[in-house]
Amino acid sequence: MGRIKTMLVKSIAKKLIKEHGQEFTPDFDKNKELVQKYTTVSSPKLRNIIAGYTARLVKQKTISEKQPRKRLHEEDFSKFYQ
Numbered sequence: 024m025g026r027i028k029t030m031l032v033k034s035i036a037k038k039l040i041k042e043h044g045q046e047f048t049p050d051f052d053k054n055k056e057l058v059q060k061y062t063t064v065s066s067p068k069l070r071n072i073i074a075g076y077t078a079r080l081v082k083q084k085t086i087s088e089k090q091p092r093k094r095l096h097e098e099d100f101s102k103f104y105q
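Using my numbering, read the sequence shown as starting at 24 and increasing by one per residue.
No wet-lab data here; the hints were simulated from the structure.
Be aware that one or more of the hints could be misleading.
What the hints assert, rightly or not - Just the calculated beta-carbon pair ranges, DEER-fashion:
(1) R26 - T48: 19 to 27 Å
(2) K33 - S101: 39 to 47 Å
(3) E88 - Q59: 54 to 62 Å
(4) E88 - M30: 50 to 58 Å
(5) E88 - K28: 21 to 29 Å
(6) K89 - K37: 18 to 26 Å
(7) K60 - P91: 32 to 40 Å
(8) F100 - K28: 35 to 43 Å
(9) K41 - I86: 34 to 42 Å
(10) G25 - F100: 38 to 46 Å
(11) K53 - G25: 18 to 26 Å
(12) K53 - L31: 16 to 24 Å
(13) T62 - Y104: 52 to 60 Å
Unchecked claim - Calculated cross-link-like contacts (lysine-lysine; reagent style DSBU-like; alpha-carbon spacing at most 35 Å):
(14) K55 - K84
(15) K33 - K53
(16) K60 - K102
(17) K55 - K82
(18) K28 - K55
(19) K28 - K41
(20) K82 - K41
(21) K84 - K37
(22) K53 - K102
(23) K89 - K68
(24) K37 - K55
(25) K89 - K53
(26) K68 - K38
All figures in this text were calculated on a predicted structure; none of them were measured in a lab.
Heads up, the beta-carbon is just placed ideally off N, CA and C, and yes, glycines get one too.
Build out the structure end to end from the sequences listed, making use of the hints.
This is how it looks when you write it as structure tokens:
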């Protein structure tokens with residue numbers, strides 16, 4: 024299990040992806056440079072956490088676009104309600 028990210032980290036990362044989503048990649052190092060470019064975060068630790076979270080969000084987005092969601096089989100419930 025991983026660490027829980029604070030609301031500050033999540034909100035900054037989501038805002039960055041919303042505004043500059045095309046530039047972010049699953050690569051942590053590139054995201055670290057972009058976070059430094061687009062924010063005024065002075066702490067290297069916080070910058071790294073935000074960069075890691077943006078990488079994770081981008082990976083999740085690309086995976087969800089490639090694989091369609093599994094759908095539950097529709098079952099006929101009319102036999103139970105007569």
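- Message: Flag every earlier hint the structure violates by its number, smallest first.
- Response: 3, 4, 9, 16 and 22
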